[in-house]
Amino acid sequence: MIAMEKEAVEGFKEAGEISRKAKALIRKLVKPGALVLDLVNKVEDLIEKEGAKPGFPLNFSINSIAAHYTPPSGAELEVGEDDIIKIDTGVHVDGYPADTAITISTSESETHLNLIAAAEAALEKATEIVSPGILVGELGAVIQKEIESYGLKPIENLCGHSVERYNLHAGMTIPNVAGKGPELKEGMAIAIEPFSTDGVGRVSDAPDVYIYEYMRDVPTRNRDARKILAMARDDFSKLPFATRWLGIPELKSRIALKELVNSKAIYSYPVLKEAGGGLVAQAEHTMIVTADGAKVTT
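With the UniProt record's numbering applied, the sequence shown corresponds to residues 1 to 298, in that order.
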């Protein structure tokens, strides 16, 4: 693969700059008593005011929830006094994505701070060795070693990934544990996202689903299902979307979404919880692989 084209580089950079503004706002807004739905709406509004679109619904995953929680319409969940919160932010500019995550603790808990330090250190160490020819399993080995040095475990069934225009998971996975796998090539864009936990090191699906993604068109007689499918394809650019974006009463949207998932027109993203009930921290950056190493865009 040759070096990335200038238009793509500029798109990734612009999305990354907006994602940094979103993260700065998040750090100001996250405090005990804050209504999660209000916070998420404010951050997504900022992204749009900056001339971009959310690359996926803002994930706001608390304590043992590792990923894929975003509040539904009417949610009354508030930030707690002793929460460890993963905020995963997606931005896209004309399809070029930024995927980035931070973890915030609302207390001075040593357990929380250790989890956060482990995830952030693992991301930094892995980023340092990014270069053409490196196997993704080598990145996983660095992540695993760093997190384990804090007395914690990496989450082995959550991974980073390659990214492309209008494609947040473009085929390559970047593990958080040692392995082999393909090698990085110049011009690739990737997201590295270590997760640290004091649990068993795996996640499992929770019953709740608030995020979906377009897969294919299918015929349906359900008017709401037709509307959702059209929005998923056209309004949301086939990228992940939140149920609260649909503007359809919850009961009707659930019936329509169930039909679309069963027909494989829409893909569902269940909330992911640490399988042993452990606390979880996450850190993530998007970057471009260059001849000189990693060019971090977020």
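Everything labelled a hint here was simulated from the structure, so no lab data went into it.
Heads up, a few of these hints could be off.
Stated by the list, open to error - With a straight-line Cα cutoff of 30 Å, these simulated DSSO-like cross-link-like pairs (lysine-lysine) come out:
#, residue 1, residue 2
1, K185, K42
2, K295, K125
3, K264, K49
4, K6, K28
5, K31, K185
6, K252, K185
7, K42, K295
8, K31, K21
9, K185, K227
10, K6, K295
11, K227, K49
12, K227, K238
13, K21, K258
14, K6, K31
Now for the hints, and whether the structure bears them out:
no., hint, verdict
1, K185 - K42, "37 Å, violated"
2, K295 - K125, "14 Å, holds"
3, K264 - K49, "33 Å, violated"
4, K6 - K28, "34 Å, violated"
5, K31 - K185, "41 Å, violated"
6, K252 - K185, "46 Å, violated"
7, K42 - K295, "29 Å, holds"
8, K31 - K21, "18 Å, holds"
9, K185 - K227, "40 Å, violated"
10, K6 - K295, "14 Å, holds"
11, K227 - K49, "26 Å, holds"
12, K227 - K238, "14 Å, holds"
13, K21 - K258, "35 Å, violated"
14, K6 - K31, "40 Å, violated"
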